[in-house]
Amino acid sequence: MLELQQLSIAFQSNTVVKSVDLSLQPNEILGLVGESGSGKSVTAKAIMQLLDKKAEITGQLIFEGNDLNQYSEAEFQQLRGREISMIFQEPMSSLNPSMRCGTQVAEILKQHTKGSHKSIQAEVIRLFEKVKLPRTEQLYKAYPHEISGGQKQRVMIAMAIACQPKILIADEPTTALDVTVQKTILELLKSIQAETGMSILFISHDLALVSELADRVAVMYQGELVEVNETATLFKQPKQAYTKALLATKPPLKYRLKRLPTVADVMQDKLNLDKESRAEREKRHENIYGHPPLLIVKDLHKTYVKAGRWLSASTEVKAVNGVNFELYEGENMGLVGESGCGKSTLSKVLLGLEPATKGEVWYKGQDITQLSSKQFKHLRSDIQLIFQDPFSSLNPRLSIGEAIVEPMLVHGIAHSKTQAQQTACELLERVGLSAAHFHRYPHEFSGGQRQRIGIARTIALQPKIVICDESVSALDVSVQAQVLNLLNDLKADFNFTYLFISHDLAVVKYMADQLLVMRDGEIVEHGNADVVYADPQQNYTKELIAAIPKGID
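Quick note: the sequence shown, position 463, residue 484 per the working numbering, numbers continuous.
Calculated from the structure, these hints are not laboratory results.
Backbone N, C-alpha and C define an ideal beta-carbon position, used for all residues, glycine too.
You may find that some hints are simply not true.
No farther apart than 25 Å at their CA atoms in a straight line, the calculated lysine to any residue pairs in the SDA-like style are these [as the list claims (entries may be wrong)]:
1) Lys-66 x Lys-275
2) Lys-275 x Lys-319
3) Lys-319 x Lys-385
Label pairs and their computed distance ranges (CB to CB) [stated by the list, open to error]:
4) Lys-385 x Asp-320: 15 to 25 Å
5) Gln-483 x Gly-58: 32 to 42 Å
6) Lys-39 x Ala-262: 37 to 47 Å
7) Phe-412 x Asn-35: 15 to 25 Å
8) Pro-155 x Ser-455: 42 to 52 Å
9) Glu-245 x Ser-455: 21 to 31 Å
10) Lys-327 x Gln-81: 24 to 34 Å
11) Val-431 x Asp-320: 44 to 54 Å
12) Lys-265 x Lys-75: 51 to 61 Å
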């Protein structure tokens with residue numbers, strides 16, 4: 022169906038894809054895996070002819086006997102979306118925020134079919150039903166910001182399959198989605214593929230996820246194709262060290278390693294697979310829970326009032342509804358649940374960014390929900406946040422050194438700018454960067470490096486409690502392992518207490534001592550993380566755990 026022959030791609034003489042030979046068979050799902058920067062997305066964009074004109078492309082892209090590189094833009098426009106289509110990684114930035122969802126899907130049908138306005142609208146509704154979107158007629162008129170992340174991704178899928186393409190390229194289509202939504206998206210892709218017989222190139226950095234979908238898997242490393250094999254064979258008998266490294270970096274579910282392996286560990290033959298024993302874990306917990314709690318949350322509520330339209334009454338949305346828990350010094354508290362369950366709202370209330378509607382949060386002998394903004398400022402350095410997206414949380418006009426120095430001066434952590442700069446350089450070294458990076462800007466760093474910068478900025482304030490809100494969800498498994506190891510190292514050195522929020526239950530299980538499961542603003546299950554995973558009491562928790570991609574043993 023599609024064949025890449027000696028495909029190479031370079032930007033300003035920097036070769037990012039090197040002599041790749043790869044074929045996609047009819048009615049096949051081919052997984053393409055590798056870290057960020059390995060060349061996966063660049064290869065996909067080359068197939069779709071979406072690369073910058075400055076890109077130097079050599080080799081051949083053979084589709085049904087024709088070399089796509091020889092097509093003019095006008096010729097390829099007739100092909101793109103109709104014969105070869107693509108689902109992008111981030112639907113919010115891929116969908117036009119000023120256009121209604123239905124109109125955006127209708128646009129591609131108008132481009133490639135000759136149906137009437139009424140028939141095209143009916144076809145869009147049918148496509149929405151096919152991708153299992155609720156309230157299809159309402160969603161047709163909705164704007165992207167009015168629907169959830171999973172629904173936006175389904176709109177993207179509807180757009181991609183609208184013209185029944187022969188090839189669908191799915192580039193990280195589930196990276197930032199909850200495990201349950203991710204599972205339904207994968208099942209949806211499988212069912213559509215089985216029904217239409219189209220071929221799918223599924224790009225991801227998550228090998229466990231790919232194993233549940235793909236017939237074959239291709240592994241890319243630094244622009245080169247290092248291994249291609251049937252899925253079961255590649256997972257059970259990987260030949261290349263890099264493939265073995267990728268498989269090793271995902272936190273295991275059946276036991277807890279003291280330290281996660283990284284790609285560098287495997288490639289340099291420094292693999293350490295020491296496990297934390299039950300006795301070691303119990304001793305550590307005795308030390309943590311033998312002291313009074315650091316933070317006490319009592320019957321916490323946060324209600325938003327949504328104004329009604331015209332004559333309709335306003336409605337209340339209970340984002341946090343009667344939450345109770347205790348957080349102990351030195352503890353890793355895991356918090357899981359689907360998008361919209363109230364996790365991030367809870368963290369905003371704890372950080373003093375949103376006022377509580379009702380309830381108490383006790384810290385250092387005082388109910389911090391009763392503090393004014395001015396009073397809370399003195400506590401701001403004690404409770405800090407590591408953001409999900411480090412790039413958007415860093416000021417692009419400030420060097421990373423200035424971004425770390427600024428809050429230290431505001432909160433009086435450093436007595437002078439010189440001292441703050443010295444501390445910032447030490448922190449950059451501590452998180453695996455260099456003092457030489459002090460004067461560089463956020464755009465000059467990779468995603469993993471930016472997350473390290475965010476961590477350095479957070480710990481610069483010497484907090485007691487650190488809230489990690491989806492802080493590793495968008496990172497490659499290898500970079501994720503490095504960041505999780507770093508967080509644990511910093512916890513050991515500075516005795517941090519973490520509230521670790523994530524939709525990746527495998528990561529939370531590795532990090533957490535205790536686990537909170539949240540649904541519709543309420544805590545539906547709470548207990549020792551290992552016990553909850555081994556024997557969940559609530560059906561909702563069982564569904565979350567069942568949705569975790571297990572890979573091939």
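Hint numbers not upheld by this structure, sorted from lowest to highest: 1, 2, 6, 10, 11 and 12
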